[in-house]
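S.K.: Under UniProt numbering, the first residue of the sequence shown is numbered 1, with each subsequent residue one higher.
Treat the hints with care, since some could be wrong.
[To be verified] Derived lysine to any residue pairs resembling SDA-like cross-links, with alpha carbons at most 25 angstroms apart:
id, residue 1, residue 2
1, K116, K130
2, K260, A288
3, K287, N159
4, K31, K187
5, K28, F103
6, K187, H274
7, K51, G81
8, K86, T113
9, K120, V110
10, K287, H274
11, K150, K342
12, K51, V41
13, K51, S39
14, K116, R77
15, K130, L145
16, K127, L148
17, K287, S258
18, K120, R98
19, K134, V41
20, K265, N248
21, K28, D112
22, K127, V41
23, K86, R34
24, K130, L173
25, K23, T33
26, K120, K130
27, K28, S206
28, K287, L173
29, K86, T125
Simulated from the structure, these hints should not be mistaken for laboratory data. Because the structure is a prediction, the values reported are computed rather than measured.
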Amino acid sequence: MAGAAEVATEKRFPSLNNEEIKKILIEKDSKNTRRSTDSSVRTFKSYLREKNLPEDFENLPNNELDSILFRFYPEARTENGELYKKSSLFSLRHGINRHLSNFDSGKDIVHDTDFKDSNKVFLATTKDLKRQGKGGINHYPPIELSDLNKLYEYFDVNNNVQLQEKVFVDLMLYFGRRGRENIHELKITDFAATTDADGRVYIYMSSDELTKNHQQDENTADGRMYASDDDLCPVRSFRLYTSHLRGNKCDRLFQRPSTKMNSVKWYDSIPMGHNTIGNLMPTISGKAGLSVRYTNHSLRATSVHVLDNIGKFASRHIMTVTGHKSEASLKTYTGYTGDEIKKNMSDTISDTLHKPPTKKLCVREDFGDFELKPLSNSQFQDLLNDLDIDIAPKVDEKNNISTTDHYNKENINSSCVQNLQSVNIDNESICNRTVNYMDQRFPMPVLNNCSNVTINFNLK
Numbered sequence: 001m002a003g004a005a006e007v008a009t010e011k012r013f014p015s016l017n018n019e020e021i022k023k024i025l026i027e028k029d030s031k032n033t034r035r036s037t038d039s040s041v042r043t044f045k046s047y048l049r050e051k052n053l054p055e056d057f058e059n060l061p062n063n064e065l066d067s068i069l070f071r072f073y074p075e076a077r078t079e080n081g082e083l084y085k086k087s088s089l090f091s092l093r094h095g096i097n098r099h100l101s102n103f104d105s106g107k108d109i110v111h112d113t114d115f116k117d118s119n120k121v122f123l124a125t126t127k128d129l130k131r132q133g134k135g136g137i138n139h140y141p142p143i144e145l146s147d148l149n150k151l152y153e154y155f156d157v158n159n160n161v162q163l164q165e166k167v168f169v170d171l172m173l174y175f176g177r178r179g180r181e182n183i184h185e186l187k188i189t190d191f192a193a194t195t196d197a198d199g200r201v202y203i204y205m206s207s208d209e210l211t212k213n214h215q216q217d218e219n220t221a222d223g224r225m226y227a228s229d230d231d232l233c234p235v236r237s238f239r240l241y242t243s244h245l246r247g248n249k250c251d252r253l254f255q256r257p258s259t260k261m262n263s264v265k266w267y268d269s270i271p272m273g274h275n276t277i278g279n280l281m282p283t284i285s286g287k288a289g290l291s292v293r294y295t296n297h298s299l300r301a302t303s304v305h306v307l308d309n310i311g312k313f314a315s316r317h318i319m320t321v322t323g324h325k326s327e328a329s330l331k332t333y334t335g336y337t338g339d340e341i342k343k344n345m346s347d348t349i350s351d352t353l354h355k356p357p358t359k360k361l362c363v364r365e366d367f368g369d370f371e372l373k374p375l376s377n378s379q380f381q382d383l384l385n386d387l388d389i390d391i392a393p394k395v396d397e398k399n400n401i402s403t404t405d406h407y408n409k410e411n412i413n414s415s416c417v418q419n420l421q422s423v424n425i426d427n428e429s430i431c432n433r434t435v436n437y438m439d440q441r442f443p444m445p446v447l448n449n450c451s452n453v454t455i456n457f458n459l460k
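From just these sequences and the hints, can you work out the full model?
M.R.: Here it is as structure tokens:
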């Protein structure tokens with residue numbers, strides 16, 4: 001009975017103090033966002049300390065904080081004493097503003113009119129930074145095609161390290177995953193295999209996860225990794241890899257490769273370190289001899305770039321793979337121009353500038369003093385066949401026209417106007433001919449050893 005009384009007196013609802021609730025509010029943001037916020041606050045407090053100003057800026061009146069920010073934005077410097085890039089200064093301001101919001105100070109240094117003076121100097125400072133070459137953003141470059149080919153030539157699925165590296169690259173590419181996000185926490189059970197209506201096998205993500213773009217709503221990323229018929233089939237590699245994991249001892253997808261690999265033990269039952277996973281692609285780049293030391297996020301950029309560049313998929317469909325919430329954010333990746341295209345554009349300009357001039361002859365309807373010779377019936381027949389093979393009339397040796405179901409003598413107009421402009425020729429051999437046909441004369445040039453010739457015949 002005493003036990004029942006104790007159970008009955010247990011409270012259903014706990015009592016959380018303000019600090020515990022504040023922690024929940026802070027942790028609503030991703031780790032990277034919290035890290036950026038803390039870094040911004042530390043930088044601002046360092047500035048206040050150096051200027052002998054109060055560090056508890058959260059409690060300052062709006063007009064005083066506005067005056068401090070008025071001078072902070074143009075005076076902000078990195079630890080090396082250099083100017084911040086434009087994007088970094090934006091990050092500083094937003095980090096300070098997030099901190100004030102979490103602190104429940106009621107201040108909004110970005111939108112409140114009390115901070116209009118500091119915001120004016122902020123915009124002026126960002127423009128000045130752009131003039132000084134600090135306005136650019138270094139986006140993660142997608143992997144060039146030549147490097148992609150070299151990368152997959154490097155992988156050997158019979159080697160435990162390279163097999164794991166291949167599975168990592170495959171998952172990042174096919175699912176468009178962000179560089180470090182949740183990779184360390186992925187479990188074996190987060191992925192599953194099934195078949196579609198056509199019987200093709202594919203791997204999909206079987207569990208929802210909290211990501212930067214999906215903090216409160218359901219993660220809409222719905223990529224699939226289908227099996228292929230080649231030796232580098234991603235499904236076959238994934239199944240081989242997971243078959244060697246010791247899931248009963250460690251549930252993590254990425255486990256540390258065993259240094260003493262044998263037929264039984266390929267991987268230790270220990271999760272790979274967070275930093276080790278975060279630097280996987282730079283490490284692989286060096287091993288495979290790629291031209292650039294790519295980052296993990298370059299794989300995500302590659303996914304978007306490949307799908308967008310082929311021109312078959314709308315942005316909204318690509319977003320279902322990558323999990324982007326808007327097409328505007330997707331443009332960060334789609335606007336990239338690869339080395340191959342840049343090289344082709346440069347070569348095109350060079351070819352145009354340095355190509356030796358060719359002789360150019362403009363031929364008009366007035367052929368001047370050129371000798372005109374008639375086309376033979378067979379030559380004229382070939383011309384009509386070239387113009388429209390389905391409706392061309394047949395001309396016999398007596399210059400008569402044979403009718404067909406689609407074309408008859410009454411439907412033939414008696415004039416044919418030739419329009420010939422800007423004919424580029426490699427030599428000066430040109431002979432102009434005419435043909436007698438239905439009592440009309442058809443000026444007809446015959447061009448020998450010519451290239452890039454366009455002739456328009458208008459049959460009326």
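S.K.: Provide an ascending list of the numbers of those earlier hints which the structure does not satisfy.
M.R.: 15, 16 and 24
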